[in-house]
Amino acid sequence: MTSGLWELVLKGTWTTLQLLVLSGLLMTAVALVVGVARTNRLWFVRFLAGLYTEVFRGTSALVMIFWVFFVLPVAFGWQLVPLWAGTLALGLTYGAYGAEIVRGALNAVDPAQREGGIALSFTPWQRLRLILLPQAVPEMIPSYCNLLVELLKGTALVSITGMGDLAFSGNLVRLALQESAHIYTYLLVIYFVIAFVITRLMRGLEKRLKAGIGKDPGNERTARAAKRRETTGVGGVA
Amino acid sequence: MSVETSKQNDDQPATTGTTSPELIRLEGITKRFGDNTVLDGLDLSVQAGRHVTLIGPSGSGKTTILRLLMTLTEPDTGTITVDGQRLFPASEKELRDVRKQIGMVFQQFNLFPNMTVLRNITEAPTTVLGLSKDEAEARARELLDLVGLADKADARPTKLSGGQQQRVAIARALAMRPKVLLLDEVTSALDPELVAGVLDLLRDIARTTDITMLCVTHEMNFARDISDQVLMFDSGRIIEAGPPERIFSDPEQERTREFLSAVL
Amino acid sequence: MKWDWSAVSEFMPHFWDGLLVTLQALALGSVIAFTLGLVWTLLMRTPTRWVRWPVGVLTEFVRNTPLLVQLFFLFYVLPEWGLTFSALTTGVFAIGLHYSTYTMQVYRAGIEAVPAGQWEAATALSLPARRTWAVVILPQALRRVVPPLGNYVISMLKDTPILMSITVLEMLGQARLFSQQHFQFTEPVTVIGVAFIVISYLASLLLRTLERRLVR
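Protein chains in written order, with the numbering used here: chain A, 1 to 238; chain B, 1001 to 1264; chain C, 2001 to 2216.
Note that these hints are calculated values from the structure, not bench results. Glycine included, each C-beta is placed from N, C-alpha and C at the ideal position. Be careful, since some hints might not be right.
What the hints assert, rightly or not - A few chain B residues that don't get close to chain A, going by computed Cβ distances all over 10 Å:
id, residue
1, Glu1022
2, Gly1028
3, Met1104
4, Asn1114
5, Asp1134
6, Glu1137
7, Leu1199
Claimed, not checked - Just so you have them, the derived chain C footprint on chain A, three or more residues with Cβ under 8 Å:
id, segment
8, 6-20
9, 64-78
10, 156-165
Said to hold, decoys possible - Restricting the straight-line Cα-Cα distance to at most 27 Å, the calculated cross-link-like pairs of lysine-lysine (DSS-like) are:
id, chain 1, residue 1, chain 2, residue 2
11, B, Lys1133, B, Lys1093
12, A, Lys210, B, Lys1159
13, B, Lys1159, B, Lys1133
14, B, Lys1159, B, Lys1093
15, B, Lys1179, B, Lys1133
16, B, Lys1159, A, Lys207
Assemble the whole structure, with the sequences as input and the hints as a guide.
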């Protein structure tokens, strides 16, 4: 492979990373808003949020991408830059999966914590912000990490619309070289490395957040007795 | 049976005397969970400053009374009034105003594991009562001193023993300067050797403050020490009420006698 | 927004053709995913790590990389190695292979969820290994395995449109072909989108009923 072709792959990787970060942010926002709405007191808020999850989890990510890239401009006259169109389609779709993670984690917080908040006369919003979310977020991280890897894999779909991401750059290289085994192997390895980095980062984050609520990730029972926990002193007795 | 918690024989130094105003009123309260009737047409009135202990076999509806007053659950029928404010129905805002006057200590402590001990105590005074951070912290440190945990301010609740956690929970409830303190079997989840410390603390609070206390407990000696009035519950009703000296030494009801001989 | 019902009715015959291909791909892909996943699970339980290690690496790699690129790999590389298959066959195999790395996790979890006491009881009765699997472990694991497998079938359904990128005319492929010929994009893509929502919603209802049956 010539350096020019490598440059193409590099550019594609950069686009994929941009798309991953932007759609990841949108996905997270959607997941939090919709997931929290699914635990709301009012039935129609719950209903709307439930409808959103059913619809966006029901549809195929690629069909959604087609819709945003090709139908939105024609039907509504909204022509988005490919990067934003990809962000929108992926963020909305994967956000619906994320909402289920958020809802599950919120429901898993001990109901007694909510009662503790009521007894101190917190508003529902204060209970959510000060008590429920800080305890639920660390529990979400493993599933959220899996979802991020799924999102990364999903970003490859935008190449079908002609957007110049990593997968697309692979197709260009294949056409240029008339050879495919090498370039697609490289591509898969690059995706795998990104996924690996995501997993590592998330594991570190989980460890930190769990320490913040006085929990050791992994084996809690043996860790409680272990002396090393007190000496590391993360949120410890000092 | 209707119960007034005014004093019959005024042999203890009463906080406000027989004329103290009524603070809590429950009328015709019925509460069912499925087929199970937990409270059955119950009436109860508590005057300000009284220390009332609720005793009786488990499942007889004692804890439900506290949970109703804390608005953690709603009655099926009947009315509840706290300091003149009706609870059900009431707007969320009105309920919050009532909750500000009521503190509750739970059997399982319910401390927030995501906050330090100090912030567990300061959070509600700052966000709910609008105290400044310094004021709330000064108040919290004073209370931590009172409960004997001044050195644990920056610890995480999960690193404390059950007894220590419960004392933090008591400090947290007191930081709101409530008029009423609800104590729901606060020593039931504790290891036996930790019970005395918590009970001594509560005796202190009962003696030195004018907070109205409603207390569900299985610790009969403690009940005898702190209460002005003991209510004996059975199957969702109050079957006997009176000052502790009489209830514990000379109960009128056969059912009370059986219960006491089983637990004492 | 312009909506043209005549375009919808013109598209419908193509839609049914596409649906048929989608369901074919889904059915065959599921069969491959279920069986290949079982093969991975069993290989991961062999005593030698010379088998476990490569299988673990391969499946981890496949699970963490995009199905689309795997599809390109199979579609363009296999012919270079002298193996030529139809686009649909390649696509079905790619989907089946990708999802087998998920079903293997489902099987493993299902087997691990059977309490250790069950193995011990079977040993105490000196049941032979084959019999232990057939009458004790698998029937108990099956109940835990069916709901998540069903969810992966629904996920596979939603990944079938990827096959259009290698010229398979499933639903989305039909929609794109139709729009290129008639310059009407809104109607076919929307019809496809609604179809996916309806099919996966019905499938999830079906799955929930099945789940309730199994719990009993």
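Against the structure, the hints come out as follows:
1. Glu1022: Holds: least Cβ distance 22 Å, greater than 10 Å.
2. Gly1028: For Gly1028 (chain B), whose nearest Cβ neighbour in chain A is about 24 Å away, the distance exceeds 10 Å, so it holds.
3. Met1104: Given that some Cβ of chain A is not farther than 10 Å from that of Met1104 (chain B), nearest at about 4 Å, it is violated.
4. Asn1114: Not fine: 4 Å to the nearest Cβ puts Asn1114 (chain B) too close to chain A.
5. Asp1134: holds (20 Å)
6. Glu1137: holds (16 Å)
7. Leu1199: holds (21 Å)
8. 6-20: Answer violated; 0 residues pass the 8 Å Cβ test.
9. 64-78: holds (count 8)
10. 156-165: holds (count 4)
11. B:Lys1133 x B:Lys1093: With a Cα-Cα distance of about 24 Å, the restraint between Lys1133 (chain B) and Lys1093 (chain B) holds, given a limit of 27 Å.
12. A:Lys210 x B:Lys1159: holds (14 Å)
13. B:Lys1159 x B:Lys1133: Within the cut-off at roughly 25 Å; holds.
14. B:Lys1159 x B:Lys1093: Roughly 35 Å between the alpha carbons, so the hint for Lys1159 (chain B) and Lys1093 (chain B) is violated.
15. B:Lys1179 x B:Lys1133: Given pair Lys1179 (chain B), Lys1133 (chain B) holds - Cα atoms ~23 Å apart, limit 27 Å.
16. B:Lys1159 x A:Lys207: Roughly 17 Å between the alpha carbons, so the hint for Lys1159 (chain B) and Lys207 (chain A) holds.
The structure is inconsistent with the numbered hints 3, 4, 8 and 14, although it conforms to all the rest.
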